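Protein chains: 2
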Amino acid sequence: MGFKTIIYRDNKLKIIDQRQLPGRLILKHCNNIKDIYNSIKTLTVRGAPAIGVFAAYGVCVGLRTTKTPDREKFFKALSKIISYLKKSRPTAVNLFWALDRMEGVAYKNKDKPTKEIKGILLKEAKQINREDEIMCKRIGINGAKLIRSGDNILTHCNAGALATSGEGTALSVIYAAKKRGKRVRVYADETRPLLQGARLSAWELKQKGIDVTLICDNVAATLMKQGKIDKIIVGADRIAANGDAANKIGTYGVAVLAKEHKVPFYIAAPSSTFDFSLKNGRDIPIEERDPDEVKSFGGLDTAPKNIKVYNPAFDVTPSNFISAIITEKGILTKPYSKSLKSLK
Amino acid sequence: MGFKTIIYRDNKLKIIDQRQLPGRLILKHCNNIKDIYNSIKTLTVRGAPAIGVFAAYGVCVGLRTTKTPDREKFFKALSKIISYLKKSRPTAVNLFWALDRMEGVAYKNKDKPTKEIKGILLKEAKQINREDEIMCKRIGINGAKLIRSGDNILTHCNAGALATSGEGTALSVIYAAKKRGKRVRVYADETRPLLQGARLSAWELKQKGIDVTLICDNVAATLMKQGKIDKIIVGADRIAANGDAANKIGTYGVAVLAKEHKVPFYIAAPSSTFDFSLKNGRDIPIEERDPDEVKSFGGLDTAPKNIKVYNPAFDVTPSNFISAIITEKGILTKPYSKSLKSLK
Chain A
209 MGFKTIIYRD NKLKIIDQRQ LPGRLILKHC NNIKDIYNSI KTLTVRGAPA
259 IGVFAAYGVC VGLRTTKTPD REKFFKALSK IISYLKKSRP TAVNLFWALD
309 RMEGVAYKNK DKPTKEIKGI LLKEAKQINR EDEIMCKRIG INGAKLIRSG
359 DNILTHCNAG ALATSGEGTA LSVIYAAKKR GKRVRVYADE TRPLLQGARL
409 SAWELKQKGI DVTLICDNVA ATLMKQGKID KIIVGADRIA ANGDAANKIG
459 TYGVAVLAKE HKVPFYIAAP SSTFDFSLKN GRDIPIEERD PDEVKSFGGL
509 DTAPKNIKVY NPAFDVTPSN FISAIITEKG ILTKPYSKSL KSLK
Chain B
209 MGFKTIIYRD NKLKIIDQRQ LPGRLILKHC NNIKDIYNSI KTLTVRGAPA
259 IGVFAAYGVC VGLRTTKTPD REKFFKALSK IISYLKKSRP TAVNLFWALD
309 RMEGVAYKNK DKPTKEIKGI LLKEAKQINR EDEIMCKRIG INGAKLIRSG
359 DNILTHCNAG ALATSGEGTA LSVIYAAKKR GKRVRVYADE TRPLLQGARL
409 SAWELKQKGI DVTLICDNVA ATLMKQGKID KIIVGADRIA ANGDAANKIG
459 TYGVAVLAKE HKVPFYIAAP SSTFDFSLKN GRDIPIEERD PDEVKSFGGL
509 DTAPKNIKVY NPAFDVTPSN FISAIITEKG ILTKPYSKSL KSLK
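Line order of the protein sequences matches chains A and B. In the working numbering, each number is its position in the first sequence, counted from 1, plus 208. In the working numbering, each number is its position in the second sequence, counted from 1, plus 208.
Keep in mind that the hints are not guaranteed to be accurate.
Heads up, the list lumps identical chains together, so a pair's fine if it works in one copy or across two of them.
[Unchecked claim] Straight-line distance between alpha carbons at most 30 Å, and here's what the computed DSSO-like set of lysine-lysine pairs gives: (1) Lys516 x Lys212; (2) Lys516 x Lys436; (3) Lys436 x Lys249; (4) Lys433 x Lys467.
Keep in mind the hints are simulated off the structure, nothing from the lab. If you're wondering where the values come from, they're calculated on a predicted model, not measured in any experiment.
Turn these sequences into a full structure, and let the hints guide you.
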């Protein structure tokens with residue numbers, strides 16, 4: 209398979225425009241800070257780890273117009289860029305994690321010439337990118353141990369290569385299991401309203417030669433009742449200190465179904481997804497998006513024009529519903545308040 | 209509110225073309241047996257009770273070309289019409305119930321002149337229509353007793369006026385509660401893949417002045433966790449002798465969520481929906497529909513072209529998940545194997 213979600217080469221930042229998939233595989237060039245902000249906001253690039261990597265590069269792109277040798281002006285510009293990008297999306301913590309890390313590196317080198325700091329920042333962004341790729345591999349290797357040959361695996365939304373700069377998180381587990389000769393079949397929830405499962409997961413799983421069946425989100429319960437789902441693996445956008453995990457809207461419902469049908473429910477996420485400043489999931493900010501995402505499709509109305517809509521982009525799955533959390537550092541199990549400490 | 213889902217007047221059968229809603233309110237004329245069959249098959253008319261009423265009229269429309277006085281030929285034509293219409297959709301038992309009732313009336317009058325039998329059949333279809341209207345009213349009156357002022361009610365798919373020839377089943381309960389001065393707010397699941405909740409329930413609830421909020425099916429779990437759903441009311445397409453109920457795909461998932469969150473889960477359905485020939489829900493035939501319903505919308509691809517899709521139109525909710533079944537004859541409670549006997 210030959211796609212890369214985020215490409216930084218010859219000082220050019222390009223991303224796959226995920227709004228165009230599966231119809232068209234198009235690269236979007238991001239040349240300025242507005243491109244960066246809008247690409248995150250409009251879900252041109254999405255997936256918690258990918259947003260982190262992209263935002264890190266975004267800081268470098270944003271600083272291109274800052275040519276001043278004056279350190280005060282430079283840091284003012286940096287701070288403006290970072291606070292601007294932090295406003296793009298509220299839930300995925302990897303965005304804040306990456307931006308804070310970039311800011312930290314700049315301040316650590318604050319006495320160097322501004323041109324040098326810019327170089328250091330680009331190096332850091334590339335390092336975040338590399339770490340993300342390694343993280344994906346390790347999550348795959350760790351998670352594959354949980355998979356048996358013959359397993360039918362349900363996934364929700366897209367926590368795949370398109371959501372990271374590597375092989376993905378939840379889907380990396382599937383790719384790694386396949387590489388180890390395990391036979392797996394995947395059911396992909398289409399994931400309303402924006403259909404990341406239908407448009408992205410189904411597309412990339414097929415690209416990677418995985419046996420994939422697309423279902424409406426409404427079908428998951430029936431499949432579980434029929435005994436056709438052996439495991440569930442999803443990603444996460446932010447995980448609180450007690451293991452409560454925010455992920456794409458609908459994830460919590462899948463977790464409740466998993467509990468009822470005694471199907472193991474796994475979260476796969478890198479340590480950058482953990483937010484130890486939050487005791488539990490109640491404090492995770494949940495993004496509400498435009499009602500039009502629900503009310504229309506491709507310019508066609510799917511509901512009465514003036515109807516009220518409640519359109520949260522994420523929900524929170526309490527940690528007691530989560531059988532294990534697969535990270536690049538190992539598989540965490542209950543009680544999470546204890547096991548999560550190994551990540552700190 | 210001034211719409212009628214099924215209109216038979218001046219020997220003309222017209223239905224609201226529900227595929228066009230909410231964009232356009234258009235009546236489709238059904239002039240021959242193919243129109244009848246296709247209207248059911250393509251969901252131009254849908255909803256278990258509406259399909260029953262429509263099929264009854266459909267027998268009369270189908271017999272228009274049968275002008276023979278020869279009884280043998282007449283009954284052969286009738287039998288052909290009935291077995292043809294029975295193939296239109298497999299799950300909703302009201303279709304079979306109405307067609308069997310029409311056939312039974314014809315045979316009861318088999319010694320009369322064929323022209324007279326045709327008249328009797330039209331009278332019977334009108335009677336089925338009238339009974340359906342009365343049934344809706346009674347379900348509303350019975351169900352309204354369960355509703356408290358201030359209730360937030362979740363519904364799935366469309367079990368409203370558009371699904372019957374009267375006020376609906378599940379939604380009739382809401383309309384009746386409102387008429388009795390009870391303040392109700394409704395959350396309508398959009399109901400993938402065909403969006404009957406978004407296109408039909410949201411539309412008719414708004415027409416009837418009900419406070420309605422549209423949600424993606426994925427949001428129901430979160431609303432229940434937030435304590436924002438007091439009751440769930442849905443319809444049914446076929447109910448087995450033990451109370452297991454087939455309804456639109458996704459209903460079973462909602463029932464599992466209701467159990468987890470201790471929210472009462474009600475089915476509203478007329479006695480014509482009960483199939484006492486089936487011991488339990490396992491034997492209810494579940495229609496599988498075209499993968500394109502999931503893979504594309506309004507001519508636009510929403511998934512890779514060659515992706516496998518599993519697209520069952522219904523699921524079965526085991527009776528232990530059902531708090532009560534609201535019928536025109538009263539409210540049935542557990543154990544259903546006992547309480548259902550009152551309907552026989």
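For each hint, the structure was consulted:
1. When the C-alpha separation of Lys516 and Lys212 is checked against a cutoff of 30 Å, the pair qualifies only between copies, where the shortest distance is 25 Å, while the shortest distance within a copy is 38 Å.
2. Taking identical chains as interchangeable, the C-alpha atoms of Lys516 and Lys436 lie at most 30 Å apart only when they sit on different chains, with a minimum of 16 Å there against 36 Å within one chain.
3. Within a single copy, Lys436 and Lys249 get their C-alpha atoms only as close as 36 Å, which misses the 30 Å cut-off; across copies the closest is 29 Å, which meets it.
4. In this assembly of identical chains, Lys433 and Lys467 lie within 30 Å of each other by CA distance both inside one copy and across copies; the values are 12 Å within and 15 Å between.
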